[in-house]
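Just so you know, the sequences run in chain order A and B.
Take the first sequence: its letter number 211 is residue 210 in numbering that gives the first Met the number 0, and every next letter is one higher.
Take the second sequence: its letter number 74 is residue 73 in numbering that gives the first Met the number 0, and every next letter is one higher.
Bear in mind the hints are in silico, worked out from the structure with no lab data behind them.
Since this is a predicted model, take the numbers as computed values, not measurements.
Errors might be hidden in some of the hints.
[As the list claims (entries may be wrong)] Only pairs whose alpha carbons sit at most 27 Å apart, straight line, appear in this in silico DSSO-like list of lysine-lysine:
| hint | chain 1 | residue 1 | chain 2 | residue 2 |
| --- | --- | --- | --- | --- |
| 1 | B | K8 | B | K125 |
| 2 | B | K63 | A | K244 |
| 3 | B | K183 | B | K273 |
| 4 | B | K8 | A | K244 |
| 5 | B | K28 | B | K180 |
| 6 | B | K399 | A | K244 |
| 7 | B | K198 | B | K183 |
| 8 | B | K500 | B | K273 |
| 9 | B | K198 | B | K180 |
[Unchecked claim] If you only want the chain A side, here are some residues facing chain B, beta carbon under 8 Å, derived:
| hint | residue |
| --- | --- |
| 10 | K192 |
| 11 | T247 |
| 12 | N257 |
| 13 | Y263 |
| 14 | K340 |
Ideal placement from N, C-alpha and C gives every residue a C-beta, glycine not left out.
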Amino acid sequence: MKPSTLWEQFSRRLLERSFNILIPLAAILAAFVVSSVLIVLRGVNPLTAYGALLSGAFGSPNALVTTVVRLTPLVFTGLAVTYGYRSGFFNIGAEGQLYLGAMVVTWIGVTFTTWPGWLLVPVALLGGALVGALWALIPGYLKATRGFNEVLTTLLMNYIAMQFFEWVIRIDHFGTTAFGWLGLKDPTQPFPKSAEIVPAAQLPTAAGLLTRLGITVSTPALQRLTLAALLALVAAIIVYVILFKTTTGFRARAVGVNPRAAEYMGVNVPRTILTTALISGALAGLAGAMEVMGTQHRVISNFLVGAGFDGIPVALIGQLHPLGALLSALFFGALRAGANKMQIISGAPIAVIYVIQSLAILFAIAGTTVELRPRRRQPAPNSGPAAPEVDHA
Amino acid sequence: MTELLRLEKIRKTFPGVLANDDVDLEIRKGEIHALLGENGAGKTTLMNCVYGVYRPERGHILWKGQPVEIHQARDAIALGIGMVHQHFMLVPPLTVAENVILGLPSAREPLLDLRSAAIRLRDLGKQYGLPVDPGIPVWQLPVGVQQRVEILKALYRNAELLILDEPTAVLTPGEVEDLFKVLKGLTQEGLSIIFITHKLEEVMAVSDRVTVMRNGRVVQTVNAAATNANELAKMMVGREVFLNIPKPALPAGEVVLAVTGLAAQSDRGLPALKGLSFEIRRGEILGIAGVDGNGQTELAEALTGLRPATGGTVAVSGHDVTHASPREIMDLNVAFIPPDRQHTGLLLTFSVGENLIGKEFCRPPFSKRGFLQERLIRDFVTGAIQNYDIRTPEAATPAKLLSGGNQQKVVLARELSRRPDLLIAAQPTRGLDIGATEYVRQQMVAARNAGTAILLISTELEEVLSLSDRIAVLYEGEIMGIVPASGADVHEIGLMMAGAKRLTSAAPAVEEAA
Chain A
0 MKPSTLWEQF SRRLLERSFN ILIPLAAILA AFVVSSVLIV LRGVNPLTAY
50 GALLSGAFGS PNALVTTVVR LTPLVFTGLA VTYGYRSGFF NIGAEGQLYL
100 GAMVVTWIGV TFTTWPGWLL VPVALLGGAL VGALWALIPG YLKATRGFNE
150 VLTTLLMNYI AMQFFEWVIR IDHFGTTAFG WLGLKDPTQP FPKSAEIVPA
200 AQLPTAAGLL TRLGITVSTP ALQRLTLAAL LALVAAIIVY VILFKTTTGF
250 RARAVGVNPR AAEYMGVNVP RTILTTALIS GALAGLAGAM EVMGTQHRVI
300 SNFLVGAGFD GIPVALIGQL HPLGALLSAL FFGALRAGAN KMQIISGAPI
350 AVIYVIQSLA ILFAIAGTTV ELRPRRRQPA PNSGPAAPEV DHA
Chain B
0 MTELLRLEKI RKTFPGVLAN DDVDLEIRKG EIHALLGENG AGKTTLMNCV
50 YGVYRPERGH ILWKGQPVEI HQARDAIALG IGMVHQHFML VPPLTVAENV
100 ILGLPSAREP LLDLRSAAIR LRDLGKQYGL PVDPGIPVWQ LPVGVQQRVE
150 ILKALYRNAE LLILDEPTAV LTPGEVEDLF KVLKGLTQEG LSIIFITHKL
200 EEVMAVSDRV TVMRNGRVVQ TVNAAATNAN ELAKMMVGRE VFLNIPKPAL
250 PAGEVVLAVT GLAAQSDRGL PALKGLSFEI RRGEILGIAG VDGNGQTELA
300 EALTGLRPAT GGTVAVSGHD VTHASPREIM DLNVAFIPPD RQHTGLLLTF
350 SVGENLIGKE FCRPPFSKRG FLQERLIRDF VTGAIQNYDI RTPEAATPAK
400 LLSGGNQQKV VLARELSRRP DLLIAAQPTR GLDIGATEYV RQQMVAARNA
450 GTAILLISTE LEEVLSLSDR IAVLYEGEIM GIVPASGADV HEIGLMMAGA
500 KRLTSAAPAV EEAA
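Using the sequences plus the hints, can you model the full thing?
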């Protein structure tokens with residue numbers, strides 16, 4: 000066989016790689032185009048609407064920070080789903096894991112009020128990750144040892160987690176009732192709402208960091224931009240490294256592709272499933288932790304419904320790649336951030352963004368059926384009987 | 000005999016491949032005509048041109064002396080050509096009669112006319128010796144009877160020429176005999192049959208004339224009575240092929256694999272292995288002969304930790320591994336070529352390189368503190384691709400894009416580059432063309448000569464005979480006997496494979512060990 004030149008190899012690689020990015024981009028573009036029909040039917044110029052959407056998402060430092068704040072939990076849930084899907088553990092339970100993560104982080108943040116920040120922040124993050132991981136470990140264990148379908152178990156455990164949260168948020172924090180130690184509700188409030196976590200448990204903001212460096216800034220946006228955004232970026236890189244550069248990831252991907260072949264190659268399949276469940280659950284738990292420690296600083300009833308489920312489309316549009324999840328979370332975050340401005344300025348209803356979002360998912364899934372096969376060089380037709388081995392497959 | 004079908008200068012290409020190159024073929028009325036050739040020789044492509052699945056780019060098809068155009072299967076059926084594909088085209092939940100009339104207009108349109116169809120099917124069955132109950136759903140029928148339904152389907156459509164694509168691949172030896180009887184009966188009724196195969200014995204057993212194809216061309220058409228299997232093999236491959244690779248005699252080494260009373264169950268929970276005992280020494284190949292489905296898969300899986308043993312013991316180099324995990328067995332330097340490279344042997348969406356390190360990735364030097372050492376891996380992969388002549392565009396190409404032979408080379412490279420003490424090779428050449436087969440066999444003999452103990456499980460008796468030092472015959476999960484390969488009586492092995500004979504001393508013959 001003729002070795003292809005370096006340039007050919009490079010250009011083909013480039014084509015294959017960019018093709019992977021092109022599918023979701025084309026899907027998003029198509030979603031905007033199709034949705035514009037709806038906007039026209041409302042009597043609104045779609046360009047006006049999309050312009051407002053774009054400006055609401057990226058048009059000012061404030062808009063930009065809003066986008067970043069919105070996308071941060073989505074990055075974590077998207078990564079949770081990506082890692083799980085890659086490894087054959089279809090984690091539909093990010094929502095529940097996120098709720099429990101937020102719950103534990105809040106509990107730590109309102110309980111250990113005297114701890115210094117350098118201790119409290121890592122402990123809280125760890126607590127959030129740990130509870131998500133352990134919650135995912137239950138369906139992981141059931142799948143690894145009993146063959147339970149994790150799609151069902153993780154999905155159903157969402158409701159257990161959310162109802163548990165709703166129960167806890169209605170118990171006074173260290174109140175006199177039997178489960179007072181568990182309670183999250185701020186006793187001074189009439190509503191199911193926790194107290195604000197102590198400042199030491201809140202993630203440092205960009206403004207805060209700059210102030211510490213002696214730079215005073217007056218941009219209010221920087222007060223909302225926290226370490227969470229950076230941690231999301233770091234998490235995406237770490238997940239990428241684990242998946243593609245470590246033996247853990249190799250095992251996980253092998254099990255995800257073909258558990259039978261993986262077992263034959265000596266991979267301990269049940270243990271790999273458990274590891275995957277832990278990592279996926281921890282990421283989802285961290286999504287809740289970021290939201291509480293970075294943005295909301297407290298939890299209320301129904302505080303972040305859907306962010307866990309949204310991890311699934313984020314992962315799918317991200318082509319089940321950790322860095323793809325980052326970009327796709329940007330798309331989702333921008334839609335959410337710009338929606339209000341779109342409605343106010345153009346009159347196109349906020350619901351349009353859900354149409355765009357759904358269409359993008361549909362088109363992205365349709366796009367996965369388009370496959371780019373590298374062109375294979377076939378042996379010359381008249382290689383004759385002298386060439387004993389001519390494999391055409 | 001009069002001519003029924005004539006193909007003149009048929010040419011068919013696929014992108015980059017010349018599948019049929021000016022092929023001439025003549026089929027006479029009332030003959031069984033074998034179309035013999037290796038995988039990829041162009042047999043099936045040619046027949047698909049006749050049946051209207053493909054359109055030849057050049058050449059003519061003459062039916063009873065008249066030039067005809069066959070654009071689709073419907074045209075072929077209208078002419079009186081029927082084809083039974085290797086993979087049956089039946090709808091399992093439908094009954095035999097429903098399957099047969101599927102696609103035909105009913106005599107009582109728009110109503111179905113199952114009753115007259117059933118009557119006609121019974122008559123046809125009687126006439127040709129193909130009894131089938133028309134009212135039974137197809138999924139309830141054994142494979143051999145399903146094939147009968149396919150043949151009846153063609154006969155019901157008044158076929159005069161029946162094309163059978165590798166019809167024996169799915170049949171047991173008994174069913175093969177029945178089929179051959181039916182085919183001979185059909186020719187007596189005036190039908191012609193084209194019989195696609197790559198098995199020489201079948202050609203000799205059933206056909207009147209043989210056309211041998213190689214690399215898309217016809218080598219020769221000969222009368223079966225005027226030739227023999229050796230001559231046909233030579234024509235088929237184009238050179239003297241001896242898959243018999245010379246093996247130097249080696250002094251008996253120490254026992255590497257010792258199996259005593261091994262029992263295991265099939266996937267359905269039935270006993271599949273019923274107390275097997277044998278041992279293999281360093282530098283020895285023990286071949287397991289037997290008809291497919293007599294416990295071969297279960298044996299390979301039980302020995303490699305993929306299937307729990309329900310009784311007996313397995314010891315590798317003195318370590319008891321009866322209940323060990325695949326990884327623990329692997330760590331005793333045991334290699335395994337699984338019977339299905341597509342589902343077990345390879346991670347098809349993983350790259351060639353990733354597959355090559357599929358077993359060693361978690362060990363130094365390929366991994367260090369849990370991280371993959373990409374440069375060392377790349378060096379190893381490049382070397383393995385060269386050493387084992389794996390034809391792949393690059394190491395990063397997904398394994399699924401390789402041809403079967405090259406996929407098997409990836410498996411072989413991964414398993415043999417570890418210089419194993421014990422190799423369990425299950426169907427190592429299944430589905431490979433002759434060149435790749437030869438290569439795999441050479442590599443296995445080389446490993447044996449280097450001291451590897453090899454358990455060769457193969458349903459190709461010829462392969463077992465040519466590679467093994469000793470041969471054990473497996474029948475319904477039991478070993479019927481173990482004989483030395485040199486001077487083995489093929490007839491006797493055949494009887495053991497059919498369960499008709501059992502050697503009294505079923506214990507391994509190890510006198511020569513001394």
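Given the hint that K63 (chain B) pairs with K244 (chain A), test it: the Cα-Cα distance must not exceed 27 Å. Violated, at roughly 66 Å.
With the threshold set at 27 Å, check whether the alpha-carbon distance from K198 (chain B) to K183 (chain B) stays at or below it. 18 Å, holds
Report holds or violated for the interface hint on K340 (chain A), using the least CB-CB distance to chain B and a cut-off of 8 Å. 43 Å, violated
Holds or violated: are the alpha carbons of K8 (chain B) and K244 (chain A) at most 27 Å from each other? With a Cα-Cα distance of about 55 Å, the restraint between K8 (chain B) and K244 (chain A) is violated, given a limit of 27 Å.
Taking 27 Å as the top limit, are the C-alpha atoms of K28 (chain B) and K180 (chain B) close enough? 18 Å, holds
Is the interface hint satisfied for N257 (chain A)? The criterion is a beta-carbon contact with chain B at less than 8 Å. 5 Å, holds
Cut-off 8 Å, beta-carbon criterion: hint that K192 (chain A) touches chain B: 43 Å, violated
Taking 27 Å as the top limit, are the C-alpha atoms of K198 (chain B) and K180 (chain B) close enough? 18 Å, holds
Please work out if K500 (chain B) and K273 (chain B) have their alpha carbons no farther apart than 27 Å. 17 Å, holds
Would the pair K8 (chain B) and K125 (chain B) pass a check requiring their Cα atoms to be no farther apart than 27 Å? 40 Å, violated
Taking 27 Å as the top limit, are the C-alpha atoms of K399 (chain B) and K244 (chain A) close enough? 22 Å, holds
Against the 27 Å threshold, does the CA-CA distance of K183 (chain B) and K273 (chain B) hold or violate the hint? 39 Å, violated
Violation of the numbered hints given earlier is confined to hints 1, 2, 3, 4, 10, 14; the remaining hints are satisfied by the structure.
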